[in-house]
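Colleague: When you get a sec, could you build the whole thing from the sequences and use the hints?
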Amino acid sequence: MKKIIYLLSAFYLSFVATAQQTPAPIQSESILIQGATLHIGDGTIIENGSLGLENGKIVEIGSSTSITNNYTTQIDATGQHVYPGFIATNSTVGMVEIDAIRPTNDLNEIGTFLPNIRTIIAYNAESKVVESLRPNGILTAQIVPTRGRIAGSSTVVQLDAWNWEDAAIKTDEGMHIYWPRSYRRGNPTKGEDPLLYDQKNYDKQVLELDAYLKEAKTFTTATDKKHLPHAALQASFNGKQQVYLHAKEKRQILDGIVFLQKHGLNNIVLVGGDDAHLILPFLKKNDIPVIVSRPHRLPNTADEDVKLPFKMAKLLMDAGLIITIDVSGRMERMNTRNLPFYAGTFAAYGVDKEKAVQMITLNAAKILSVEDKLGSLTVGKDATLFIAIGDALDMRTNQLSHAFIQGRAILLETHQTELWKRYMEKFSRK
Amino acid sequence: MKIRLLLLFFAVSIIGFSQDYFPTNTSVKTSASHYQAITNATLHPAPNQQINVGTILFKNSTIVAVGENIRIPENTLIHDYSGKHIYASFVELHSNFGIKSGVADGRRGRSTQYDTKREGYYWNDHILSDYNGIIDYSYDKATAKQLRNAGFGVVNSHRTEGIHRGTSVFVALNDNDNDAIRLLDERAAQHLSFTKSKQSAQYYPGSIMGAMALLRQFFHDADWYKKGGASNKDLAIEAFNVNKKLPAFFEARNKLDVARAAKIGKEFGIPLTITASGKEYEHIENLKALNAALLVPVNFPNGYDVTDPVSTQKIALSDMRYWNQAPMNPAVIAKGGIPFAFTSNGLSKKTTFLANVKKAVKYGLDKEKALAALTTTPARLLGKQAIVGQLKKPAMANFIVTNGPLFDASSKIEENWVQGRQYKIITSPEVTFDGKYTLMLDGKELSLVIKNSDSKIAATVKKDSIKLSTKATYKSGWMSLQIQNEAKDAYAQLSAKISEASHIEGEGTSFDGNSIRWMAHFNEATKDKKKTKKESNQPSPVAVTYPNNGFGFSSLPTAQNTLFKNATVWTNEAEGILENADVWVENGKIKAVGQNLTAPGAIEIDATGKHLTSGVIDEHSHIGASSINEGGHNSSAEVTIEDVINPDDINLYHNLSGGVTTLQILHGSANPIGGRSAIIKPRWGEDADGLLYKGAAPFIKFALGENVKQSNWSSYARFPQTRMGVEQVFVDYFQRAKEYQTAWKKYNTLGRKTKAKTLAPRYDLEMETLVEILEGKRFISCHSYVQSEINMLMKVAERFGVTINTFTHILEGYKVADKMKEHGVGGSTFSDWWAYKFEVNDAIPYNGAIMHSQGVTVAFNSDDSEMSRRLNQEAAKAVKYGGVSEEDAWKFVTLNPAKLMHIDDQVGSVKVGKSADLVLWNNHPMSIYAVAEKTMIEGVFYYELDRATAHVEKIQQERNQLIQQMVEAKNGGAPTQKTPKKQAREFHCETLD
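If you're matching them up, the sequences are chains A and B in order. Our numbering puts the first residue of the first sequence at 1, with every later residue one more than the last. Our numbering puts the first residue of the second sequence at 1001, with every later residue one more than the last.
Calculated directly from the structure, the hints in this document are not laboratory data. For clarity, every value in this text was computed on a predicted model and none was experimentally measured. Among the hints, a few may not be true.
Label-pair restraints from in silico Cβ distances [as the list claims (entries may be wrong)]:
id, chain 1, residue 1, chain 2, residue 2, range
1, B, 1595, A, 56, 52 to 62 Å
2, B, 1762, A, 198, 48 to 58 Å
3, B, 1244, A, 108, 48 to 58 Å
4, A, 267, B, 1714, 37 to 47 Å
5, A, 185, B, 1254, 17 to 27 Å
6, B, 1711, A, 264, 43 to 53 Å
7, B, 1711, A, 108, 13 to 23 Å
8, B, 1595, A, 185, 49 to 59 Å
9, A, 198, B, 1507, 52 to 62 Å
10, B, 1711, A, 24, 31 to 41 Å
By construction, the Cβ of each residue, glycine as well, lies at the ideal position given by its N, Cα and C atoms.
Modeller: As structure tokens, then:
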């Protein structure tokens, strides 16, 4: 058996007084990472490659011998692996700190049509959950609203920030529409079988959304009065903002996409899409990218292939769809750090390993329209990347030695690593 | 007794059955004493008897003689029933006929009711053994008619409220006499169920296992009370003890509950008749062993409306199969040799009862057995075989008259006689005048075609070839016709008293309003166009699988002697990881581990490039159970998950697909002292008992912290609400258990004579369990989070000489790992869960590694039906977080949980002599790319990846086949139902039942 070398073998004993990790300063020195396997993020790799970072950007990339610039700092990463920072999509980290404690919940707004609601306002850049993602290579996240038919807009954030303004990379980049559910779950406490039932209000809810969008479209700046929710939707109508359609079942997906297109909302991203494999030609024809439900979920119906959740990525990719991974689900915030392993699980069931990396790097960046800055090891893009001792999609080798966000060498300590070290120190005193 | 006096006035007594000592004010008091006889009919006195031409002689409500050559006394009213068949009227055992249902407790408010509100009765409001149906009974004519029309002559009726429901009334469905005559037994039977009464909001029992424990404790208490153990008055127990010998009926709601009820009946020696679920065909053999009788419904499900393929996709194959297979249920039960009676309970329309019984016959139920299930068997199950169920002296004159053999497709129940009273169901016209006539009207010749059957009539009138709109009615021998003229501006109204079919003549008004006399001449009979339907072949339902869902086996798999060749074997033993090794499995055990093994007769599996490990063991799971929490009290040591195993849970199959071969199904964390665990192996296809890990050490769940304090939901009524109170619950229970133990010890050491004279202490299921803990015979797995409570429980345990076996969750175990090591407790934790509530704020993924480093036996568990199928990935997180070696990390999900569960002598490693619970992986088992290809339990391949993939194809084929059948059925006019979509329910620690 291959022995794994632990980079973090020495415990350091100093503790900062606050629980949160201090954001790293702006990149001042130029950095050369040498001799690593570079996972570009577009499905390709460069063996024994080197990478130059300056002023927060990637300035040079190639085989170790092809590097020409001079760098003030050099990192020998021989035998290690460099990846673009992983990107968590459809995430709610920083919006709820502790599930059971209601005061820490800033996600559950009330109302049905809330296009003017913006997640970035409540995003807690100092969340202990947020910092826990970084040691696993997740350096960027899309923070989405989750309540209401139209839930509001999401923002893409980087995960090493002093405050929400500091964190925002692309503010209000998408509007989130949660399509009415065509089925509902029976409630055992009301004496119902825990089966799925037809959701009787489905048609009514679709009509309500239809009426709302029609009304919102009449919005004009030419009057004295400004309807804030309607105003908030204009970016979606004029194509400046993407529309994220949250839908799982076949009927929802088909109805939702046709409906949105009818309303002139053409930049559609499908989120969830558990039945997407049943309507691949339709999705391909309409070029709908999919943020596919995480593989760590159970099949939706009794007769499904029990491995279907694991195979979805392969099925969708083979059909030529651009996909990334939806991190939402049970215990979604604390599990967001398992994003690399979601990708790895998809790889175990048919997706090429580098394509699996691409899913949570370049594809995610494309879907979020931030591929000009993020998603691949490409000259000119942000130096948001990390170095791992091995395959970052595998738990055993997802061990980071360095991580950079916009060229800033971020801390990989967390509230959790501190407790680890503190108690190992306690026990070592005996 | 509230029999209304008014009823006496309504009872129109023409013949007047004798109420000898009653005065009469409406007439003279002399009474008739004649006989009645049914003659020339084909009699079916009992299911196995037939008299082709026979007589039934009866007087008032009682049969005097039945046979071929019966001497008929002079004073006999004779009914010639030649051509008819006569059977005993049916016996309905399950009904709430005439008994008004309880009134729901309408209380509002946020605090849960934990205690009883009744005074002087048992401590649980759902034990209503003191209730007698007669209290609220009032004869219900409308329902009586429905039941009578379905063929029933008598009904056993109870109030369907509560776990013990008290007694029933037994009533003849005789409208024409009063309750003095038709009330046959005011305490006929006792009734039980697992369902709480809506009359009380008392929370306990909050689960099916709680209901089972409650019944057990109640039976023990009743016995102890009878012996004089109690100093208080308990009317519920007293009533139970009085009614104990009555026949006992149990209403079960599903297949698993049937077996559970039967199990309790067997334990306490109570012969039960249990309401069948309709799915007994799924595990008939196992049911037979439980020695219960069944009350079988015939409410076969309608097919689904499959017109919408999107919705259809959501219907589970198992539900489609239910539609396809359900009608064979009675036949399978009969062939299984289980005594059973039919019930119309559950049918939305009682009129479909006989048709559904016929359907069961068509699906292979023997006719004689079908008849017995309608008559003699229910009579016997109620202990009333002397008076109902057969045509014999001196039974009641309850019989049905049919137009042919009962189970023939065209046969109908024409009359139902109850207590010698005739009730006509189908009134045939006295004269049949089907045919083609020439109708003379206003001097014009019209053609008239009449069709009449039963009491209905239809007529067509044509002038030449033009059809005239016509309405026909027939009542009390009079036919009337309303005919519209060609111009549609006038009607002719005709009527005639029909006396002979060949010539109809009557009065009426013509189209122009004149009074006329009209007549119709018979020409010829109408030809019956309906060809007799081809007797379709006996239906062949799709095959039942084990379990009976899409992924079931077509027959139960058996152990195979197997040789795995050339694998990388993770032994979990001193040998470590062996490359290119062979593992030989024989008779479910590991026979040899080594190189170049040969195993004659064994199937050989080339495992080159693959990894073979022992099966994954999940110390903390909530799958495969019908309930998880009994939170009705702060201790529920009396309940056991072993009572509520659900072997059909698809999650068991999911677990197999992830290499899981043993699980501990723990009670939830609703209370400090939870219920007892079930240790199971996911033997897919076996029944509930077949899943239990035989000989496993017994466990119980304890819990600490926010859940038991009910911190995260609005519940303020139950002690304890703080960690201080939690400690006291344990101290209190252990103290009482100690005292209980002493009391029994003292009693058991008495000399034989003194013992006989001394009353034994009260038998307490909860205390029995706690004594097992004190005696080291039962182990504790305790849900725990923060260090203070972990420390607390160890200290409390130590005071009572107990060692906590396992802390589960134990997310702050890393803070007290040294103390844990000292106490000798293991830690079964999550790899990386945290932040879901306040007490996991300091939960860290390094927890496992730290505890491991301090010598604590560490396992990773799932507590989650999704995670449990990829515990191999979770184990790898011990490598990532804290740098545990790969071999040790793998033990976190195999050998270490086996140690914590005291089964490491049998499972948990690849060692000669241990159970062959093995998993073949396509990769390093902790690699993210690892997929389990084969999962073996004791030599049986319960899961194979390629077979599972093929299964998906098979499911699709069978679905298509059944969808086709449903489309045909719908097009043939069969009713359909909306689609329910099956989705397994997930249980977690916090699920409230």
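Colleague: Does each hint hold? Answer for all of them.
Modeller: Consistency of the hints with the structure:
1. With their beta carbons about 57 Å apart, residue 1595 (chain B) and residue 56 (chain A) fall inside the hinted range of 52 to 62 Å.
2. In this structure the hint that residue 1762 (chain B) and residue 198 (chain A) lie 48 to 58 Å apart at CB holds, the actual value being about 52 Å.
3. Separated by about 55 Å at the C-beta atoms, residue 1244 (chain B) and residue 108 (chain A) satisfy the suggested range of 48 to 58 Å.
4. Residue 267 (chain A) and residue 1714 (chain B) have their C-beta atoms about 43 Å apart, which keeps the hinted 37 to 47 Å range intact.
5. Evaluation of the 17 to 27 Å hint for residue 185 (chain A) and residue 1254 (chain B) yields a pass: the beta carbon distance comes to about 19 Å.
6. Restraint check, residue 1711 (chain B) to residue 264 (chain A): a C-beta distance of roughly 49 Å satisfies the suggested window 43 to 53 Å.
7. Roughly 20 Å separates the CB atoms of residue 1711 (chain B) and residue 108 (chain A), a value that falls within the hinted 13 to 23 Å.
8. In this structure the supplied range 49 to 59 Å holds for residue 1595 (chain B) paired with residue 185 (chain A), their Cβ-Cβ distance being about 54 Å.
9. The supplied range of 52 to 62 Å is met by residue 198 (chain A) and residue 1507 (chain B), whose beta-carbon atoms lie about 58 Å from each other.
10. For the pair residue 1711 (chain B) and residue 24 (chain A), the beta carbons lie near 38 Å from each other, so the given range of 31 to 41 Å is met.
Of the numbered hints given earlier, the model fails none.
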